[in-house]
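Number of protein chains: 4
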Amino acid sequence: MAKLKLGMVGGGQGAFIGAVHRIASRIDGQWELVAGALSSDPARAAASAEELGIEASRSYASYEDMAKAEAARDDGIDAVAIVTPNHVHAGPAIAFLKAGIPVICDKPLSSTMEDAEAIAQAAKDTGTLFVLTHNYTGYPLIRQAREMIERGDLGEIRVVNVEYVQDWLAEETTGKQADWRTDPARSGAGGCVGDIGTHAFNLASYVTGLETESLAADLDAFVPGRRVDDNVHVMLRFKGGAKGMLWASQVAVGNENGLRLRIAGTKGGIEWAQENPNVMTFTRFGEPKQILTRAGAGASPAGLRGTRTPGGHPEGYLEGFATIYAEAAALVRHAKGAPLPEGVHTPDIEDGLLGMRFISACIASSRNNAAWTML
Amino acid sequence: MAKLKLGMVGGGQGAFIGAVHRIASRIDGQWELVAGALSSDPARAAASAEELGIEASRSYASYEDMAKAEAARDDGIDAVAIVTPNHVHAGPAIAFLKAGIPVICDKPLSSTMEDAEAIAQAAKDTGTLFVLTHNYTGYPLIRQAREMIERGDLGEIRVVNVEYVQDWLAEETTGKQADWRTDPARSGAGGCVGDIGTHAFNLASYVTGLETESLAADLDAFVPGRRVDDNVHVMLRFKGGAKGMLWASQVAVGNENGLRLRIAGTKGGIEWAQENPNVMTFTRFGEPKQILTRAGAGASPAGLRGTRTPGGHPEGYLEGFATIYAEAAALVRHAKGAPLPEGVHTPDIEDGLLGMRFISACIASSRNNAAWTML
Amino acid sequence: MAKLKLGMVGGGQGAFIGAVHRIASRIDGQWELVAGALSSDPARAAASAEELGIEASRSYASYEDMAKAEAARDDGIDAVAIVTPNHVHAGPAIAFLKAGIPVICDKPLSSTMEDAEAIAQAAKDTGTLFVLTHNYTGYPLIRQAREMIERGDLGEIRVVNVEYVQDWLAEETTGKQADWRTDPARSGAGGCVGDIGTHAFNLASYVTGLETESLAADLDAFVPGRRVDDNVHVMLRFKGGAKGMLWASQVAVGNENGLRLRIAGTKGGIEWAQENPNVMTFTRFGEPKQILTRAGAGASPAGLRGTRTPGGHPEGYLEGFATIYAEAAALVRHAKGAPLPEGVHTPDIEDGLLGMRFISACIASSRNNAAWTML
Amino acid sequence: MAKLKLGMVGGGQGAFIGAVHRIASRIDGQWELVAGALSSDPARAAASAEELGIEASRSYASYEDMAKAEAARDDGIDAVAIVTPNHVHAGPAIAFLKAGIPVICDKPLSSTMEDAEAIAQAAKDTGTLFVLTHNYTGYPLIRQAREMIERGDLGEIRVVNVEYVQDWLAEETTGKQADWRTDPARSGAGGCVGDIGTHAFNLASYVTGLETESLAADLDAFVPGRRVDDNVHVMLRFKGGAKGMLWASQVAVGNENGLRLRIAGTKGGIEWAQENPNVMTFTRFGEPKQILTRAGAGASPAGLRGTRTPGGHPEGYLEGFATIYAEAAALVRHAKGAPLPEGVHTPDIEDGLLGMRFISACIASSRNNAAWTML
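Chains as they are written, first to last, in full-length UniProt numbering: chain W, 1 to 375; chain F, 1 to 375; chain D, 1 to 375; chain G, 1 to 375.
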């Protein structure tokens, strides 16, 4: 089966998430990177392209050039990955959507609601595929949790507790990663809430299928001089009566990348933590807790679908991310006429808009003394 | 050293917490149980007394009789343990305080704020010792955590996350333990928030030393027909700017007795969970996380003070509870002239009142759509 | 119910295991300590007795005096606890057995096989009760594991892996605890193998019910100048074909008191570790692993029998030890005519002899280049 | 940088390890698969090749044809991956070595010592690169453990405890994976000892740098009718006086892929388990245990070298395997003149021979009643 051709905007030397996208795209052998506008700095763009084996003729000075040129080629890219800081999502996303090139975009959707809506409008107007890399939804046990809830293993959901806690911004920090994430002009008005709060919110929504009605949020910027939030406390009310709590923090000393989800329903409860993602516990009320392992005994169809190795051979962050890319490939092929495999659940433009509404609601609520705010 | 004489109100056959208090009182060999008004049912009271080796003459039909008779004896009890349901705390507490007999009372202080204040007034008027068994403060690593924060190991506290989650009331339940705890006439207006929310709140306050300024609470009664809350979400604002979240639940399927405390400051963070209480993790920002064990390498003076066995020989719930009794003994002996050993930190009447204000504030806030409510 | 009267030989100030025995004897309210020969140093014996509330007239200068005097009293002790170093077990044990006073003796049975056999002979000749405090058998989940295997939950046992690893003797150490344990004249020819290897061997035998046929052992004394072993590797062959490995060490840096048992049969497997003793995992072949908690869902009759608190309220080392004392009380009362409660499984003189044969076989095998040695 | 060209022998549809090798080769973007003799079944070979995007002209009917044809092409493969069952390692390995094409071969080296030595001879005679995929050495924390020991963090090593326990062969099983692994004609005389025992032995040797002097092994075939061992107990003696235990099992019910390594030295101890490979504990004697995370605080140069994501973003089995492929690429490029990057530690032919000697010694020892056998 021929590989699909991938382009990339952003992700030049020194970038973190661009390298992750590239590995994720390679793991299942569905994509090859052939074009890029890898940096706004022309020298870095060229050097990065060479290092990545991209032909000089397909290393572009700007995403506008790239969208135009690739759309015109017979062998043009099948999709573009946008891995720039948040404030540079809308420009390329809209350009490629309008050029009819599917977009795989990092989260959150954008730095402003206006830009986000413009992207959504472009996706709608053009009918071009848009995938948002809320990569944590790609973990097999997250797929299994979603399926278990859907088929009623937990009964009616009552309580959702989600947290995403880190400590890398516990002190004033500089560096490529920290700089733009703490600059409202580039990250958007939300700091921690946009960078990782959206992941937590997306994950809870994805797994439970619950719709959030309103929230009450208390945001802080604990580090002196910080211009965006670095700690986020949220109470959630879901349609139908379930309740939730969400904690996101970049100053929670002792935590590296602590994304953790706990859900309790009338009949059962589950718990999963990203740092050891091959394990999930499940308790049927009144019975002993079970340890469900990825691809192990008790794996559900959805849990098995995205796994590459047997139980006990741990998969990690990159494999979960790769599942997003594998599904993006399936969707691109489907758009060209191939049948769609079962179980494709990749986050899309609607999830992106929902994430933006979450950020906005948190900020609005917090500014209004944590008043309940509709999503 | 002669043992102190203990009386007990409540705790007859079939009771849970009475038996716990008795074991706790025995562990360090400081107390012997010699008198009781163990049940409002005379037959059960007599049978329970006989089983416990209490002489028939000191098995009383009522706490009033007991307070009077014991106060009159030369060899009267040195303290009374009150282990009745919440609504029967005030009566005996006030009776014994007025009789000059020190009181060791289970938590929460009472079922109503009025009763709680009456107890406090009696304690103040009589100057008699009052100990509240927030037993989780007795764990050695909790003592160590408090000391570490006091001496600055964590820097300035920013974020507190405390939870106490169970699942035993996830369905409609009957039985001696469940009945009174879900009956507002006996438990007070708070259900889960009073029964275990207060433990969580007390623990967070005890360890951090932070004063809570206000809170926003969202309480639910998920089980159909339940008349008190069974799930509690709270956001906390502490004096000085720290923030907190508190989750208490009796419907969180998959949890037995999940009291867990996480604290992050400018310099460090700790994490402790009651179900494996001999272990606490501590991270100095930028260094590897450490596993601190009870009585192991890294134990602090306060952490060592209340331990009975070497590291790796686990102590549990009963030993933590026993420390409260050992300290009550020290306080009783101190009231008689003995020097007070270092490090006695047993919760007292003020902690009891604070717990009642916490319950009231949670209920008031929740009724007011989770509005911020002063404590 | 009147308490039984306990005497103690050894356990004066500064001793570790004596204090443990005393707490264990108190927890269930079955025993009161009334007599002792607490130290071979008369001043320490007297001071210890006073501290423990033993009347001066029942604080004896020697165990011989004590056995004689207590046997002569109408209110003499119901049993004696022997908590001296290994080489001082036989003397008092035989004296009390001959005086008709039941003996509760710390492990291993003795420092030499000759002494051990003499104790056994005395127990046999006198018909007096002898209890050996292999306390780890008192943990509720160990009782449950034994019951599960007995009733066939694991099928036929194939493989046993037991280890007991510590690090407190990783360097040359002095102090009351270390001194006698590393002196062959006092501990016996076995160091680590006698002190903790026997615990591991006893636990594996107790839980599985398997009889050891032969073993091959490789013992080392890693610390320069050490006169007894401090690291023990053993391969085990059980009657019927099962196989085992045993590792005991006092130089395994990073381990406090790591007693851990894993057993696999044709149908299932279990795993338990003493440092968090309220949890055991159980896997039925082909099904998800279950987490069985003490007194939680899935608790078996034997698992429930010795528990004092609900699931999630951890019990520890002292409670497991207390179960040995509670059962010793039941056996003493039974010898006086009371019915014996179900499920009394306290290790006895036979277990003591078996432990001695294990030590001897390990030493003999190791001296013979780890040749297979019959037990 | 142009990708290297990879060929594959074995790994057609339905194979496990072939797919793993392919993903591993893709992750770091160093290899592209261009040729194969994927199956001895021509139809399956062709179908597999098509699925993998291998041109029909480079899908060969036999490895002999492939070696010859690829060696003759200007754009011939830069290396071949051999992923056949053990008894089909020697044929292709020798053919490609003789053709001057570097070999990346799955472990163990072969099914017989004779074949293994023939491979080694061919490697020596031709001077062609040979890499053995003991993939577990590719985990970053394993690299770090090796470096820590090398630089003396643990002092002098005393005790090594390594185990690799699974349960997938606990009952009689059929299927592509089980069949050849339990057939001595295909797997070699060793079953479990060859399949996973060698991994455990390799890992312990790799990390500690210790040379094994002799071993005593007790092997069993527990499943009725099984013709090779399925449970392996080994005691190890290392040069210089350190001792070890090794347990490998495919019938240890409750274990998926439990490769676990514990090492204690005079100054420190470490513990690592493959199923959660991003975490290792390290204890300096007398200090609190530290949790070292992959790429987290405390990461050493070697620990950082092979990581792709920040701490808390778990890497897994495939990434560890990919490091072997990345290093094979570095070695291939180095053979062509490129400088060799620091820290390349890929297992080679010597490790393969050592593994074969380990298997032989275990079998010989076990047949000789576990007599000590030189390696």
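No lab work stands behind these hints: they were computed from the structure. Bear in mind that the values here come from a model prediction, so they are computed numbers and not experimental data. A portion of the hints provided could be inaccurate.
Note that the list lumps identical chains together, so a pair holds whenever it fits in one copy or between two copies.
[Claimed, not checked] Below, computed lysine-lysine pairings styled on DSS-like, alpha-carbon distance capped at 30 angstroms:
| no. | residue 1 | residue 2 |
| --- | --- | --- |
| 1 | Lys176 | Lys239 |
| 2 | Lys124 | Lys267 |
| 3 | Lys336 | Lys3 |
| 4 | Lys239 | Lys336 |
| 5 | Lys267 | Lys239 |
| 6 | Lys239 | Lys5 |
| 7 | Lys68 | Lys3 |
| 8 | Lys3 | Lys176 |
| 9 | Lys98 | Lys267 |
| 10 | Lys267 | Lys176 |
| 11 | Lys239 | Lys124 |
| 12 | Lys5 | Lys267 |
| 13 | Lys239 | Lys68 |
| 14 | Lys3 | Lys267 |
| 15 | Lys267 | Lys68 |
| 16 | Lys98 | Lys239 |
| 17 | Lys124 | Lys176 |
Looking back at the hints listed earlier, which ones does the structure fail to meet?
-> As far as the earlier hints go, 1, 2, 4, 6, 9, 12, 13, 14, 15, 16, 17 are violated by this structure, in ascending order.
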